[in-house]
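Use the sequences and the hints to build the structure in full.
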Amino acid sequence: GEPINTDTSPTEVVWQLMPEAPGGLIAQGNGLFVSLVKPTTSPKVVAEVGYQPYISTNGRDWTPAPSRIPASGRSLIFANGWFYGAGEGVPPNNRLGVVVRSKDGVNWDKVYSQGSNPFTTIRYLNGGFVATGPFGVVATSRDGKRWRQQRIKNVPAFYDADYFEGEYLLTGDAMALYASNNLNNWRDLSTENLLGFGPRILQHNSDILLLQTDDYLYIYHDKKWTFNKLPNDDNRFNYYISKLTPSSED
Numbered sequence: 001g002e003p004i005n006t007d008t009s010p011t012e013v014v015w016q017l018m019p020e021a022p023g024g025l026i027a028q029g030n031g032l033f034v035s036l037v038k039p040t041t042s043p044k045v046v047a048e049v050g051y052q053p054y055i056s057t058n059g060r061d062w063t064p065a066p067s068r069i070p071a072s073g074r075s076l077i078f079a080n081g082w083f084y085g086a087g088e089g090v091p092p093n094n095r096l097g098v099v100v101r102s103k104d105g106v107n108w109d110k111v112y113s114q115g116s117n118p119f120t121t122i123r124y125l126n127g128g129f130v131a132t133g134p135f136g137v138v139a140t141s142r143d144g145k146r147w148r149q150q151r152i153k154n155v156p157a158f159y160d161a162d163y164f165e166g167e168y169l170l171t172g173d174a175m176a177l178y179a180s181n182n183l184n185n186w187r188d189l190s191t192e193n194l195l196g197f198g199p200r201i202l203q204h205n206s207d208i209l210l211l212q213t214d215d216y217l218y219i220y221h222d223k224k225w226t227f228n229k230l231p232n233d234d235n236r237f238n239y240y241i242s243k244l245t246p247s248s249e250d
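For what it's worth, my numbering labels the leading residue of the sequence shown as 1, then goes sequentially.
Don't read these hints as lab results, they were simulated from the structure. Among the clues, some could well be false.
Now the in silico label distances, taken between C-beta atoms and shown as ranges [said to hold, decoys possible]:
1) T63 - D109: 13 to 23 Å
2) N93 - R142: 42 to 52 Å
3) R146 - V106: 16 to 26 Å
4) E165 - K103: 28 to 38 Å
5) S116 - K229: 14 to 24 Å
6) N107 - T226: 12 to 22 Å
7) K229 - S67: 42 to 52 Å
Calculated pairs, BS3-like style, for lysine-lysine (alpha carbon to alpha carbon, straight line, at most 27 Å) [claimed, not checked]:
8) K110 - K145
9) K103 - K38
10) K153 - K103
11) K145 - K38
12) K38 - K153
13) K224 - K153
Backbone N, C-alpha and C define an ideal beta-carbon position, used for all residues, glycine too.
Next comes the structure, spelled out in structure tokens:
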């Protein structure tokens with residue numbers, strides 16, 4: 001048969017099937033993997049304790065931290081040498097928006113706890129932290145320790161944040177799209193063209209910003225919005241990715 005040639009200098013990424021992590025919130029940094037695990041309760045019972053951190057050095061073997069974090073986590077990231085978790089407090093303060101952080105996944109500090117609504121997302125974007133939640137809540141920070149919260153009226157909920165072409169962007173319900181170049185003053189860019197239902201998911205490359213809803217993909221390019229209806233089959237993921245390629249024209 002034909003000889004088999006072996007590439008002695010492969011450039012492809014080798015993937016391994018890893019065991020399932022303990023929880024759905026996972027971040028990696030400082031040589032560690034951290035996962036936050038929701039307490040097990042009845043569906044109608046509010047947990048009276050915070051999420052349980054699990055630590056791993058290889059992504060396979062996990063060890064629970066000695067104590068829980070003082071929050072119910074909704075989002076987890078790693079930035080500037082710290083793990084950051086955003087969510088809500090535990091009873092009797094379970095409606096407070098809370099941000100906690102840790103260097104090792106074991107010892108957590110509460111760096112923000114205020115307001116009357118939980119956070120659902122935290123992002124680190126171009127040197128700034130942005131945490132968003134329901135009822136137009138957005139909290140921002142430059143150093144991850146000192147936070148400033150604002151509430152933008154007439155927005156039922158913010159779902160995501162991004163940084164594109166020199167501005168921070170917030171997307172949410174009620175066709176909401178807001179922009180700021182300083183994390184303090186937000187301009188309303190909402191448009192009736194953003195009619196798709198469901199969470200707004202942001203992604204971009206160097207010159208195209210994509211905003212995905214349940215049924216539509218909105219494309220922001222050259223300061224203009226266009227939109228296309230997403231396929232209703234397995235091709236919708238490939239279609240979405242194709243729009244991020246530099247050669248995509250339509």
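Do the hints match the structure? See the list:
| no. | hint | result |
| --- | --- | --- |
| 1 | T63 - D109: 13 to 23 Å | 21 Å, holds |
| 2 | N93 - R142: 42 to 52 Å | 26 Å, violated |
| 3 | R146 - V106: 16 to 26 Å | 24 Å, holds |
| 4 | E165 - K103: 28 to 38 Å | 33 Å, holds |
| 5 | S116 - K229: 14 to 24 Å | 38 Å, violated |
| 6 | N107 - T226: 12 to 22 Å | 48 Å, violated |
| 7 | K229 - S67: 42 to 52 Å | 49 Å, holds |
| 8 | K110 - K145 | 9 Å, holds |
| 9 | K103 - K38 | 20 Å, holds |
| 10 | K153 - K103 | 35 Å, violated |
| 11 | K145 - K38 | 25 Å, holds |
| 12 | K38 - K153 | 31 Å, violated |
| 13 | K224 - K153 | 25 Å, holds |
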